[in-house]
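S.K.: Sequence:
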Amino acid sequence: MLYPLPILSLPEAPRADGADVTLKPWLETILADPAARDSIPSLNAVSWDQVPDGALVRFFGMIQDVHDPEYYEGIFEEAGEANLPSRHVPAKYRDSVVPTAGRRLASTGQHIWQRLPAVCVPLPSQSEWAATSTAGTTTVGAAPQASLAPRANKRSAQDDVEDVEMEEPAEQPVDAVHETAKKSRAATSRAVGAKHGTDGDAWKRCRQGGFLLKLYDELEEHALKVHEVVEVYGVLEREVEDLDSAPTGNQMQDGMREVIAQERALRPPGSAQPRLHCIMKTTFDDSLGRSLPAPNCAEETLALSAARQQLSGVRSAVVGSLSSALGGDQVAAELVLLAILSRVVNRCGELPVGKLNLNLTNCPAGSPSGSELSPVAGRLSEVLHLLLPLCPSVRVTVDNLNSARFIPKKDHDANVIWPAALQLPAGTTLLVDEAGMSSGHLVETGVKNASALRELAEFQKMAYDFTYYSVPFPMDVTLLCLSASRSILGTGTVVPLQLGEGMLPPAPPQHAEWLGAARAYIGLASRLQHRLTMDEAITQSLQDDFVSCRKRDAAVGADDFGRWLTLTRLYAASFLSEAVDTSHYQLARKLDSARDERLKASSEVQL
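Residue 297 in UniProt numbering is what sits at position 297 of the sequence shown, and the numbering runs on without skipping anything.
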């Protein structure tokens, strides 16, 4: 177990923003050893109450909420008896600074720094293999209660700056320390509850398995975004004292102290939302990023080369698995593959560019009153969970729309965002099962949930409910809607499903080696969309073909051409190509023609 705070040192003249008071070089040296990562406790594998305060930990999750930057005093002066010299104590990477017994902390009033609080939660609906990979192999025994307070006393003050040889003063009893912290948190909860019209029970609603990240240095350059996927290395802090127990001193202006007090009052206590003080973080473009080499590096080049060598077999096997789940429908399987690879590569006004959402129709319904997915949705979900790290599903029925929480909502008293079914990180594939939908009456909640699904499908946005107003956040989620007839969402590329005779065929056996290659292939292919190039000659050729199609059929419009271009880029990515060529366009046109023929046949049957 590593405890970073004792080695945090102060330069002779710290920068005004505190950026040179850092543990990052120390951590980079440790992580240079590939085996060192697994020795750091993962909060995805063990509960935070099993890890002592002040320990170095790691966590992989999704940014659920980003608060306003907060101020904190970065350096305190610790003074004691007359024969003991005073010294400066850094307060970075912690909320509470506990002085050595017999000494006291005083404010210098000269080092007011900023940090950014953000709520980070575990990735929702992770596949079993992805969760296992995230957790790693680290195990930690339960942290003894005595490790909480005494360790904080020693590390946060006595050893932080310099190594001084002296007799160690008597420490405060552990029970007394915990009782003091408990009373302090209770007083804070009562005070904030009175201010916001609630009671201290509001803090209990903060316990969602997430952490309050505290990010330091270069906040504007490395700002976090809602729904972003991050891996964080930092210092865990479970016991956070109230501001009333913070160092005092008349050097800090009353106005600044009031600002800090107000900010602290809005934060849940550490017992409800433990702090994770970030030393280093890595952000990922989407949920697949952690399983891949970093972009544009030598390791990625090698991974692409290996994937291209086995492309034919792996791609065919992926399509075959999807086809098996879809009753042997090869056309639908090709489109599903392209859909799960699709990403938002740009935005044209409000409309996302590059995303392919599907509506698979002709799906047999399951039990209308049951909680299980319909037959096709259930089989497709099984296959996708083997291939993708995130593939949640929602059943769309009248009862579910009227009762489920699809839209994230802000709890102002507890200062948290309530998790919801549609709060998902980029790269997620969402399976929307409408096969059991029947007629009924939607109440206000049902109407809002249905509208949220349409907004997500059409604009790739999710409007969070802040009670008096809504705030839209960008999304990048693929929707696969399975329905008996047209989806109630009214968006997405419609694909009439052609199931084979009788029961759905069993999926082929999956081997670990094949699954690893398939997952790497999907991750690399989805990443390549952002790098695809297209020569001007190819662009002109595609435009000329569109003009010719318009002359032959006046019904062909801009939406059709946009879909062809999207399919073309996705075909290029699915073959791990660096550039789009006419062969990809021809494949896209052929696939869309097959889909169009099914639509016409389906319309004739309905007539």
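No wet-lab data here; the hints were simulated from the structure.
Bear in mind the structure is a predicted one, so any value in this text is a computation, not a measurement.
Backbone N, C-alpha and C define an ideal beta-carbon position, used for all residues, glycine too.
There may be inaccurate statements among the hints.
Straight-line distance between alpha carbons at most 25 Å, and here's what the computed BS3-like set of lysine-lysine pairs gives [claimed, not checked]:
| hint | residue 1 | residue 2 |
| --- | --- | --- |
| 1 | Lys410 | Lys461 |
| 2 | Lys225 | Lys551 |
| 3 | Lys409 | Lys590 |
| 4 | Lys590 | Lys551 |
Here are the in silico distance ranges between beta carbons for each label pair [claimed, not checked]:
| hint | residue 1 | residue 2 | range |
| --- | --- | --- | --- |
| 5 | Ala101 | Lys225 | 50 to 58 Å |
| 6 | Pro25 | Arg454 | 48 to 56 Å |
| 7 | Val447 | Pro25 | 34 to 42 Å |
| 8 | Ala579 | Gln309 | 36 to 44 Å |
| 9 | Ser593 | Ile30 | 18 to 26 Å |
S.K.: Look at each hint and say if it fits the structure.
M.R.: How the hints compare with the structure:
no.	hint	in the structure
1	Lys410 to Lys461	holds, 17 Å
2	Lys225 to Lys551	violated, 46 Å
3	Lys409 to Lys590	violated, 44 Å
4	Lys590 to Lys551	holds, 19 Å
5	Ala101 to Lys225: 50 to 58 Å	violated, 43 Å
6	Pro25 to Arg454: 48 to 56 Å	holds, 49 Å
7	Val447 to Pro25: 34 to 42 Å	violated, 54 Å
8	Ala579 to Gln309: 36 to 44 Å	violated, 19 Å
9	Ser593 to Ile30: 18 to 26 Å	violated, 57 Å
Going down the numbered hints, you'll see the structure goes against 2, 3, 5, 7, 8 and 9, while the others check out.
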